[in-house]
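The listed protein sequences derive, respectively, from chains A and B. So the first sequence is numbered by my numbering: it starts at 1 and just counts up by one. So the second sequence is numbered by my numbering: it starts at 1 and just counts up by one.
Watch out, some of these pointers could steer you wrong.
Facing chain A, from chain B, some residues (calculated, C-beta under 7 Å) [said to hold, decoys possible]: (1) P66; (2) S70; (3) I74.
Only some residues are given here: those of chain B computed to face chain A with a beta carbon under 7 Å [unchecked claim]: (4) P65; (5) R68; (6) I75; (7) A119.
No lab work stands behind these hints, which were simulated from the structure alone. Quantities reported herein were computed from a predicted structural model and do not represent experimental measurements. Glycine included, C-beta positions come from ideal geometry on N, C-alpha and C.
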Amino acid sequence: MNYFPDEVIEHVFDFVTSHKDRHSISLVCKSWFKIERYSRQNVFIGNCYAINPERLLRRFPCFKSLTLKGKPHFADFNLVPHGWGGFVQPWIEALARSRVGLEELRLKRMVVTDESLELLSRSFVNFKSLVLVSCEGFSTDGLASIASNCRHLQDLDLQENEIDDHRGQWLSCFPETYTSLVTLNFACLEGETNLVALERLVARSPNLRSLKLNRAVPLDALARLMACAPQIVDLGVGSYEDEQDSESCLKLQAAIRKCTSLRSLSGFLEAAPHCLSAFHPVCHNLTSLNLSYAAEIHGSHLIKLIEHCKKLQRLWILDSIGDKGLEVVASTCKELQELRVFPTDLQGGGNTAVTEDGLVAISAGCPKLHSILYFCQQMTNAALITVAKNCPNFIRFRLCILEPHKPDHVTSQPLDEGFGAIVQACKNLKRLSVSGLLTDQVFLYIGMYATELEMLSIAFAGDTDKGMLYVLNGCKKMRKLEIRDSPFGDAALLADVNKYETMRSLWMSSCEVTLGGCKRLARKAPWLNVEIINENDNNRMEENGYEGRQKVDKLYLYRTVVGTRVDAPPFVWIL
Amino acid sequence: MDEFVNLKETELRLGLPGTDNVSEEIERVSCNKRALQGDTENETESSMMKMETCPPRKAQIVGWPPVRSSRKNIIQTKKNESDSEGGRGVYVKVSMDGAPYLRKIDLSCYKGYKELLKALEIMFNFSVGEYFEREGYKGSDFVPTYEDKDGDWMLIGDVPWEMFVCTCKRLRIMKGSEAKGLGCGV
C-alpha cells in the first residue's frame, strides 16, 4: 500500500467510515496515521472532558462533522445536579477561531446557550446540520439565530431538550429565499407555534423529509401541512385532539393518503384515540412507530393501529398496550428489531399492564428482535430463560422492574439465573440493564459470559464487592459502567486501577465507596479525573482522619488526556 | 423487617396525621438503601425494603424509575386527570347526629384528613374544632368518628390516612353530650 500515492490511499480510506475502523487504520503506520487524520470527516467524542478543542484541531484539521457528549447517562434521571458541566461554548469558540469548515454538530447532554448558537450560526458558512439531544440552557432566541443565519441549513433536529420557549417568531426567521430544509423537529418545544410561518416554511421546502411538530400544532394545521408535504418520510404529530371537526378530519385523511413515502410516525402528544384510524391507510408501509408519549390512547386503539403495521421494525409504546397487545405485536410485526415499552404507573404495585408473558410473547414472535427496553412490575427466571432461548441475537437488553429488589414473583428467588441465561445465550450483547432482586451470582455470570458487553447499568443489586469485581475482571470490552444503590465499595473500586484506562467512564452513586478510597484511586491513576459530586451542604466532605469511613454520595470517574477540567462548579470536587 | 414497617404505621405522632410533620429520616437499612425523598404531604414511609408484602404507599426514590422527566410529566398529567374524576371509589355513609338523612362520600377523592374534614364541614355545615393527639377534638361540640372493621367507633385522625381509608366502614359526626367522652378532654 505504501507505494501508492497518498491520494489513492486517501480515496480508499473514504470507504472506511466507522469511527472504530478509522481509529484502527490510523494505528497501522505513521504514514497512514497522517493520511487518516487529514482525511477524517467525522469526529466522535464520547466524553467532552476526555479531550479539549485544541488537541482535536491539532489532530484533525479538516473535519466536517463533530459529535460531542457531555453529562453521564444518569443525568437523564436527575442524578447529576444542575451546573455540573458539559458546556459547548468553549468548543464552538475554538472551532470558530480555527479554519474548520464545520457542517454538522451533534450534541448530547450538553449545556448549550443562545450565545453558543448565535456564534455557531455566524461562524460556519456551510453549516448544514444541528442535532441536539437532551441538551439544555438555550431558548427559542438561539433557534432564531440558527434560522436567520444558516443559509444552507438542512437539519434542525431537537430531541427531548429543555428549551426556554419565548413564544417568539423563530420560525419566521427563516428567510423567504430559504428552501433547503430537510429535517425539522421541534416536538419538545412547549409554547405556541406560529402556524402561518410554519406552513409557509413547509410549503417552500421541497426536500423536507422529516417533520416533527410540537403540541401547539392542531389537527387542521396538520392537515394543511401534510397536504404541502406529501413527500414526507418521518412525521411527528403534535396535538391530535378530536375537535369534532369532521371537515379537518376528512382533509387529514385525504392528505395522509397522498403520503406514500411515510415510513415513520411519532408524537400524538395530546391525542384523541379515534382519530388514529386516519392513519390506517399508511400503516402497511411504516417501519417506525413511536406512541410512547400518547398517554391518552388506550390499548384497544393501539392494537387496531398496530394490526395494520406488518413492516414495523421499531416500536416505542406505553405499557397500556398490555400483554394482549404485545401478543398482537408478536403475531403482526415479524420484522420487529427494536421494542421499547415505557411505564404508565411509576410507583409500582398497581396495575400489572405488562408482565413477563408479554416479553415472552414478543421473543417468540419476533425473530429479528435485537434491542429491547422493557419496564414492568414483575418477572420470572423461567420467562427470562425462555426469552434467551428464543432470542439469542440481542445486542441491547434493558429490563427495568419498577420495584427495587423484587424477586421472581413465582419462586421468590433472585433473578440471577434469568439474567445469566440472557448473557450466556446472547453472544453479541453490547448493552445490558439489570433490575429486580439480584445477588453477586448474576455478576459472576455477566463477567463470565458477556464478553462483548460495552455498557452495563446496575441499580439496587449485588451483595458484596465480589459482584463488581466479577464485572471489572470479566468484561474486557466494558466502556461505560453505571451503578447506583448497590453495596460495592473501595475494595472493588481499587482492585484494578488500570482497568479504567480501557473504559470511558464509571459512575457510582449511593454505594459504599469512601472518600479515602477515591483519594487513593486518584493518586494511583493521574490520568483519570475522579469527581466527587456533593450537592448536600450537610454532607460536606471534610479533610480529616475519617475519610476512610466517609461515604461518597456520587462518584464519576473518566479517563482523560487533558487533566482536571477548569469549569467544575463548587459542588464538584475533583481529586 | 416487616414488623419494623408496621411499627411505623401505628406510631403516635403530634399534629394531624397525614401532614408533613415528620422530618425526613435518613435510615441505613441492612441492604444499604439510601435516603429517600417524598414530595407529597402524605409520605410517611422512609425506607424501602425487599418487597413481597408491600405497604400501600411507597416512598419515592430520587431518579427511580429511570424515566426521563418529559415522560414522567405526561404520565403525571394523565394521573391527575383521572384522580380528579374520583379514583377508586371508596364510598362510605356519613351520618350526623340530628340530621334527617345520611350522605355518602368517596374517601378516595381526598388526599388526607384535612381535605376530608373540610368537605364534611361544608356538607353538614358545622366545624370540627382542632385535633389534638391526646385530647381529641377541642373547640367544638361536634366530633368526627368512624366505625372500623372491628365494629368499634374510633376518633378520626388517629391512624395514618391510608390505614384509615382501608379500615373505615362508615362515618358519624357525633354531637353534644355523647361526643364529650371523645371530644374535649380534661
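Hint-by-hint comparison with the structure:
1. P66: Nearest chain A Cβ about 5 Å off; hint holds.
2. S70: holds, 6 Å
3. I74: Cβ of I74(B) sits 5 Å from chain A, so the hint holds.
4. P65: With a minimum Cβ separation of about 5 Å from chain A (threshold 7 Å), the hint on P65(B) holds.
5. R68: Interface hint status for R68(B): holds (5 Å vs cutoff 7 Å).
6. I75: holds, 6 Å
7. A119: Violated - the Cβ of A119(B) stays beyond 7 Å from chain A, reaching only about 25 Å at its closest.
Of the numbered hints listed earlier, the single one contradicted by the structure is hint 7.
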